[in-house]
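Order-wise, the sequence lines are chains W and H.
Mapping of the first sequence onto this note's numbering: position 173 corresponds to residue 163, and the numbering continues sequentially without gaps.
Mapping of the second sequence onto this note's numbering: position 67 corresponds to residue 79, and the numbering continues sequentially without gaps.
Keep in mind that the hints are not guaranteed to be accurate.
Using 20 Å as the maximum straight-line C-alpha spacing, the simulated EDC-like pairs for lysine to aspartate or glutamate come out as follows [to be verified]:
no., chain 1, residue 1, chain 2, residue 2
1, W, 68, W, 126
2, W, 213, W, 245
3, W, 68, H, 137
4, W, 44, H, 57
Read the hints as simulated data drawn from the structure, not as lab findings.
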Amino acid sequence: MKKVKTITIILAILLITLVAFGGVYIKTKNRMENKVKDYTLGRELIGGRVIEIKVEDEQSADILNEENYEIVKATIEKRLNNLNAQDYTISLNKENGAIRVELLENQDADNYAYYLVASGKVELKEKDTENQLLDDSMVQKATYTYSTNVSGTSQAYLNLKLTKEGQAKIAEVSQTYAVLGTEIDEIEAAKSGEENSENTETTDTTDTTDTTNTTEENTAEPKKISVLTIGEDEYDIHEIDKNIIKVKIGGAASDSSTLNNNVAKAAELAMLINSGKYPVEYDYNNNRYEYSNISTNELLYFAIAVLIILVIIFVVLCIKYRVYGLLCSISCIGFISLLSLILRYTNVLISIEGIGAILLVIAINLKFEQLILSKVQKTNLVNEAVKSTYKEVSLKMIPIAILSIIFCLSGWANLSSFGMVMFWGLILIAVYNVIVTKTLLKLKENK
Amino acid sequence: MKQLTEKSKKICTILIALIIIAGVIVTIVFGFNKELQYEQTQSIDIYIEQEVDASKIKDICNEVLKRTNMVQVVEIYEDMVEIRAKNITEEEKNDIVNKVKENYEFEQTAENTTIDTIPETRIRDMFKKYVIPFAIAELLIIAYMLIKYHKDGILKTLAKTIYVPVIGELLLLSIISITRIPVGRFTPIMVILMYILTIFIIDKKE
């Protein structure tokens, strides 16, 4: 019975190993397709987005200097941080100001690329003359919010907090200009009404004098229309409250997805304004995908080298601890296979740091098993050996667990990769060895 | 036996000190040797118009440039390559394009291929994102060590938990500097593993 149990466990390990390293192939659309999820690889291993931006032509030579290029580089970094970009490198050519940004390729890469050159310029200007009434030097900070009314529709807003100078300016501008969206709508509606009535006048000759008089009275002191632009787009001002201009972003939304899009847009605009503006205008030079220069063959050679080292360790274990060593080696193969499946199905990004963590987890597991084996060899009591090894190792793993958790939360892809692999690896070591390794050794012990 | 251990400890300490001093001198004089992809390099793009075998292009580049170079396949259709080296002369550029043309049929000629400059990435830009998580982890580990080994003396434990990892990292960086191992993608994992090793050493000693 024990023999059957042992064989069953070994067969289960073999099956997991086959699935993990061979895959499960099912015929799909006339071709065999591996149904086992692939690894999510990091930028250094698979490649990433490379965006090159260059200084726009026809700009004053006075602003084209290293200091300004450094400001642009720092602003780009701020923008990427605010957009939660998790993996990037920025390099600057100090001579011509060209900037090269390498990013992790994912669904956000296009968005990041857009914000590398997007302008966060805030401007309030006269609609007809383009006369500037308020500029972004008068905006202290931008935040975003949304509100929901009783009918259930929600509206996203961008709040522009003004400086003292800005407050004075907006108070002055409001006297002569229509600033709020509602005000502008009213004036435009009146204007179009006026045009309509003028058209009617030309056809109806009898009431000409009366109508003209009425129109003159209505438009005695019309406010001029102003328009607020952020970057290239125009926005409506909802209200001005003391030092805050509340700007409507998108229309009133009755569903959560529209609201989410509007709030996201408001957040991005706030990020753009807060990160500062570029002293030099930039434009795209290149935006392309570059594969890693680490080839699949190089990764394969590395895997073979690791495999050879593992085989040597397994042989040593078998020689030193005989059948116990063999069982632990088989258990370790199952551990590696299971870890590989867990990392794929938990979507852990595998970077070079992640590969290092995989090797570290395997090494810790081997050391763990070796400790159990040496204790079993001395006492021949599997339960006691496993218990005392857990006691001994668990306290030593606390610093690594701390490091792993902090790295998981770091928000930087390469460190998260290390942290996540270690996190799953340590959990697996704790669970797997008590279930599989201990059971295998116990079945042998009782024979 | 005890005398021998003391002696070997002393030798070890002197050796580590010497390596660190040498490392500091080499770093001050020559700086770190960066991986090519983080150095200021010159590059040429060749649009081959068909799926390209990067190893074939790499062989051509090795033959023509005879120095460290990098070949990267560009765009999802894998029909373009970017070749990077510290410097590429006009003659080398022409040689590379013509040799690639012997293997593939495409329109781009050596004359309309330009040599571009790719700026360097500063070491502090490469690794600054690692500093804060490392510092937080170190603080928490120090706190843990102080709780675990408070009976051995708080100051002693505190000093050990700080100086052993610092010495370990300095030793690693000195070795990297002296042996001219390129600093780049593989450096962070070396630093992390060295840190874990030093923490194990402290834990074992205590």
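Results for each hint:
A threshold of 20 Å between alpha carbons decides the hint, and for residue 68 (chain W) with residue 126 (chain W) the separation of about 18 Å falls inside it, so the pair holds. A threshold of 20 Å between alpha carbons decides the hint, and for residue 213 (chain W) with residue 245 (chain W) the separation of about 36 Å lies outside it, so the pair is violated. Proposed proximity of residue 68 (chain W) and residue 137 (chain H) is supported: the alpha carbons are some 13 Å apart, at most 20 Å. With a C-alpha separation of about 17 Å, the suggested pair residue 44 (chain W) and residue 57 (chain H) falls inside the 20 Å cut-off, and the hint holds.
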